[in-house]
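J.: Each chain, written out:
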Amino acid sequence: MPRWGMTVDLDRCTGCEACVTACHAENNIPTVGPEEAARGRAMHWIRVERYWEGEFPDVRLKFRPVFCQQCDNAPCEPVCPTYASYHTDDGLNAQVYNRCIGTRYCANACSYNVRFFNFHNPEWDRPLDLQLNPDVSVREVGVMEKCTFCIQRIQAARIEARADDEEGAIEDGALQPACAQSCTANALVFGDLDDPESRASRLSRSPRGGKLLEELGAEPSVTYLQKGDWYESGGG
Amino acid sequence: MNNEHKRTRRKRLAALLMGVFAGAVLLIAFAVGGRVATGQSAPARSGSDSVFSPAHATFREALVHFLGWRPEPEQPIPFPHRTHFEEAFLGCTDCHNGAARGPIARIPSVVFCMDCHFDIATDREPIQLLTSYYDRGQEPPWERIYGWNPEAHVRFNHAPHVRRDIECSVCHGDVTQMIVAEPAVDHTMSFCVACHEQNQASIDCVTCHY
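Taken in sequence, the protein lines are chains A and B.
Read left to right, the first sequence gives residues 1 to 236 (the numbering used here).
Read left to right, the second sequence gives residues 1001 to 1210 (the numbering used here).
Think of the hints as simulated: they come from the structure by calculation, not from any bench.
Every residue, glycine too, gets a C-beta built ideally from N, C-alpha and C.
Please note that the accuracy of each hint is not assured.
To be verified - Coverage of chain B stretches by chain A, computed from C-beta distances (three or more under 8 Å per stretch; other residues unrestricted):
no.: 1; region: 1059–1069
no.: 2; region: 1146–1153
no.: 3; region: 1157–1163
no.: 4; region: 1195–1209
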């Protein structure tokens, strides 16, 4: 059983937001419009945060893509009264939409602000609905949603791998979520953290690595890579 | 004693009133079949509106989904599965050729039917109807028999089952003997999970729900 994780190389990220676009397209994520966005209800399973470093004129712009950290000790899970938010054996924080009754406790508990609630039924002007991904549910009003590491791709890869051999091992790099696939700078790397040879696993052991808000003890599965002192530069 | 008696009577009356009220709501809902006013333009999952939304278009639709009712499917042409098994010697995956490869089994295109029906049984009314669809470049609007409501968020995949040699009949009944395909098996969650548990297949929620 693999343990899925990701690394984000902040020294590579150019802030182009191709990942954001790809994620919206892959996962049927609606846009909510300006009024709702102003009320903090925008839904982006992945967002690119922007930070300025240094004093003028020696300024540097840094970007940080943030998405569900798929924590091993996830604060969102124990607060769910219906077990809609639970941990899978391959290390994902799963969200079961039809189990969700919309208490929003999980979003409250999340330290990374990466869970999104459907305050309204999403809408797509026809014929834009034809671009919806048939492998992914369209979530209705009252349901919480978040980054799934593209679970639909993980399931498809698992099924395909088992068709080829009994073991069903998924080759490193053969499976990518939409964000990593579309990252032009190769800043996002996805893989099995339990495989010491996988790219994601090797990168996550890099001395440049660190976790977001590590001191909270949520044990995220996502490692951020950055030159220099991680904490001083506002990484942690 | 007397007080208690009164209380139970009051409770029964309340229950009766509630029942009558619920009944009235149902009746009105079905009579009107109208839109629930949402304050916004009412979108539809299936209608011809200019927006697509997972919202139920009508209260009636929501209720039907909630109660799990399905109308009898009405097929444009009575397609006889038995005839094609017994007289045309076609196997299931000759027509439903996606079953071994991916999530959907696929309904064959009318182009495929015409491979045979340009010559076979051309004098019969159903085949003439089939040919007219072909001539117009249209697919017959087959109605679905299986499948779940969208809000059940179920993702099914044929391939892993067919590759493990699970017979079609386990999940669809004996289609070889059906004149028109009918829903023979109830695809409830316990139906799926019971077999998964027996065969050590995954029963993780996100195996089937995402």
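J.: Take the region 1146–1153 of chain B, compare each residue's beta carbon with every beta carbon of chain A, and decide whether three or more fall closer than 8 Å.
T.: holds (count 4)
J.: Three residues minimum, CB to CB under 8 Å: does the region 1059–1069 of chain B make the cut for coverage by chain A? Let me know.
T.: violated (count 0)
J.: How does the region 1195–1209 of chain B fare against chain A when you require at least three residues with a CB closer than 8 Å, holds or violated?
T.: n = 5 at 8 Å, threshold three: holds.
J.: Count residues of the region 1157–1163 of chain B with a Cβ under 8 Å from any Cβ of chain A, then say if the count reaches three.
T.: Check passed, 4 qualifying residues.
The structure fails to meet hint 1 from the earlier list, while all remaining hints are met.
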